[in-house]
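Student: Chains as they are written, first to last, in this note's numbering: chain A, 7 to 793; chain B, 2 to 273.
In case anyone wonders, no lab produced these hints; they're calculated from the structure.
Pairs of lysine to any residue residues, derived as SDA-like cross-links and limited to a Cα-Cα distance of at most 20 Å, are as follows: (1) B/226 <-> A/652; (2) A/704 <-> A/766; (3) A/654 <-> B/244; (4) A/770 <-> B/56; (5) A/770 <-> B/232; (6) B/19 <-> A/649; (7) B/227 <-> A/587; (8) B/227 <-> A/586; (9) A/733 <-> A/265; (10) A/702 <-> B/40; (11) B/227 <-> A/758; (12) B/19 <-> A/621.
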Amino acid sequence: MELSFRRSILILIKFMKLILALFFLFFPFFALCQISGKVQDAETGEWLSGVRIYVNNQKSTVQSNSYGFFSINAKLSDTLNFYSVGYKRLQYVLDAKDFKTKDIVNIYKLPQEEIKLDEVTVLANRQELFNKSEMSKLSLSLADIKSIPMILGEKDPIKALQFLPGIQEISEGSASLSVRGGSADQNLMILDDATVYNANHLFGFFSTFNADPIIKIDAYKGAYPAQYGGRLSSIIDVKMREGNKKEFSVEGGIGLISSRLLLEGPLKTDKASFLIAARRTYADQLILPFQSEREKTAYHFGDINIKLNTTLNSKNTLHLSSYAGKDRFYQKNKIPRRESFLLNDVNLDWSNITLTTRWNKIYNDRLFHNASLVYSQYDMNFGESTDQDYLDPSRFESLSLNSGIRDFSSKIDYEYFLSNAVQIKWGGILTQHYFRPREFSYESSRGLDPIVNNSIRSSNLEGAVYGNISGDFSKIFYKLGARISYFENLNKPQLEPRFVIGYNVIHSQSLSISYARMNQFLHLISNTGNGLPTDVLIPSTVNLPRGRSDIIGFSYTHHFNSTWNFVFDSYYKWIKGNIAYRNGASFLGIGTGAGNEPFEWEDNLVQGQSWNYGYEFLIQKSKGRFTGFAGYTLAWSISQFDELNDGKPFYNNQDRRHILETSLVYQLRDRMKLSTNFIFASGNALTVADGVFFTKDKFSDYLELYSGFNRFRAENTHRLDLGLNLKSKKNNSSWDFSIYNVYFRKNPYQYTSREVLNSVDRTKTVFIARQWLLPIIPSVTYNFKLR
Amino acid sequence: MRLLIVFLTLCSMIGCVKVEPFKEIPAYSVYSILNPADSIISVFVGRTFRTGEFFSIDSGKAIANARVEIRNKSTTKIIEFDNSSKSYLANNSGFLRAGEEYYLSIEIEDEILEGYTLIPELPTLKLDQAEITANSEGQIQVFWEKSKLDNSIYRLVGSVDLRSNVFALFYWDQDEGVWETSDKLNSSNVIKSPLGSFNFVSSSKEAFVKIDLFSFDENYDDFRKKENVFQLRSDFSRLFESPVIFNSNVSNSIGIFGSYVVSSLNIKMMKE
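Extracted from the complex, chain A is given alone in its bound form (with noise of 0.2 Å):
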């Protein structure tokens, strides 16, 4: 839907006239005081979102925000509940200091709950199940992701999240995520607040995301709120921990592959608090020696998040957090010719950088209002160099291929809470994207080879603003919303419009719908989907314009109590623009123009449309000594090009017909704690020879024959992952021990045809054949903990 500008402004202000009055609607709500204040973690003083908020004898519920500000309408005497899994429940009586301190924001503090083996279940109030509006989202905190056992003991935010129904790895071992049938290119990986553009680590096997700085991450699948969007079929949330504000500790591992270190504690005890959190490989330090110096290979990668907050007074606190990664892989060949070397380097390597600012402040009991600063930063750079010393005169060629993106972003979001049951949000986003899509450079010592320095960049201005109103009754919840993005390529504004309805059934169970239309301005040339570093990211253009999602859904909810939880979605998600690779494109050196040929990704790339709709079931237990979750998925993913398949319809590559995930916990002792995932994918659609013919008779070459575009079915992927967690008498460290790939299952990575040649009879046969990589993996990692 392409809007003028003129027509875009009158439809917001047609918006906020809704918002009115719905303002007006419900504003008999005012007739109760109002009660705002924050909620803490008792014992590290780290603010908590999502916690569940009720008075005793209302029926609605609020909830305290990203920040873990709250606003509620109560008289003197009402008894404030505070609800937040993994914590005790907090009953706090009002009096008449918590309605007098209004220049003093409450603070209330929640005490983390201990897990006891002869726990009885409590059964949960209505008001303190998690939030109906927010269907299609799906959560895990710092301990669900660190219960999850994972390749090599490295604990990867993004990759737990694989283990939910909707969500899929892009291939075997791979941290890229398929949500929906949707590609790797198509999810919004956001770190407080700042995008990560290539949130990878070695070649796509693991997410730049270390647990340990991690407290949260939400996924929307669908049914996304107005203050995300830029993507067609996933935000990915990614929220930092603040550090302990009471006390300063130090916590680490050593794993098999690499080791990290955390610190954290007060820079002001209950006022200012930090955060650092690095890690490292170090198979490249240990092989190293081993090396002749002749050829060095290594690798390695590492990364660091740091957090800084501060509470400048009772309103007003500023949080600085950032990121930085590093992946370096280089190769020395040092050869000895006549009486001098030979010098061949190699390098290539990848980088992200971000950078967030924010700036909270409570303007009163129910305004609350937020501003980022934020700063994101991703960097290819491959390089090859030679040197021919023992020539006369001597002889040099380099050459250096660099891409990237660099972003300058501010926000703005102010959230309002208008009464127990209705919550207002609204803000704005400006961001400045620099892609350098393409720097090839080339020099040599032989004087007919030409330098050349040849670059192509891009600068473009995003920017959206938003408005969203949510509200919670007794049978009807809702969450109406709409957002306008703006690219600066495409001149036009664009309305995305966003909503959710529900009804509570009976107690505890829910139905709902929700509609949701998203834009995506950037586009990701990859041919692999894997998350290469040599991915290209570049804008959209008036040739290759945006692509638009749209989604339905339908989700059903079942909370049994507190414990167990029921959820089944179902989904159809129309795509148009997204983008797939012309028939026979190549991308090896970024791009068809190698050397200083223009670099015309537009030629190489088509746009069509895609279909994707699916049922997805999930069953948790939260509590008790045994928790996880198991999900179901039946999906399929169709697309549609012009230019491919003779324009018929074909399956994408992410069509995996059914999907069986587990992830259980199970603790066996105090100390002891055993934990299992259980994965089963259907083989997804790809490409690959069906044949082959000749265009002679005597001609050993051969051509390729196919029968369509993703014809072939690999085979069904399915695996087994153990893990025991060991805890020390004093609680302060563990050992993890994992096996990854129980039963040495060789599932398909990826498929190539291959010849085989009989000498004798002189035949030849091209095969299919199935490449395999992740085989059993046992690993083990000590973990400490030190205060």
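Since the structure of chain A is provided, determine the placement of chain B on it from the hints.
Tutor: Then chain B, alone, in the frame of chain A:
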């Protein structure tokens, strides 16, 4: 619960996007490229091999018992199998003419394979400018004219005569697409091409340069480009490339029945 069932049913109904069921690969392959300048017309008819099926490296891919004919508006030419080349051959003898339509028909057992090509018009390559400067740098500029209805793909290739001491700086062969129509270049029903430039360095007093203008029919050009891309690939590079899927313009088979013509200009140049 009733609402749930209704919604599931609705989703299932709107969810029906048809994907065509799997089809067997065609059993035959055909390769025939017509050029009026050739003295022999050649048609290769072979069989295809499924993955996992063994084929002889030396021979045995051709099918010898097919009935092959090529016809134009007025004449039908029966093409016979030649055992030495393992192809169906016939003398051209003026049968192939630029600008004419040709139909291929192959009967193998119960199957009939049919193809069609329009041999492109022979364009007239014209010299705009040719010079060798005093510092031995040479440049040739050429252009041609085409009919507005002509959809052929043009490609210029410059080559130097080995007898002359000429070093080509680069070949002018950028054209992989149809020339765009430009109002400025229009004259009635004819479009003039932009100038094609061929640069070289000549250390001798004279230079012999040949410029060829190839004009391909669309199907052959597509096949030829894909063939080049496929053959240049390595096992490693394939991991980063989309598959090369050949289109067939011969029914019930995989292959190509295409055509092209070449217009040449031989230029002898003297240093100023």
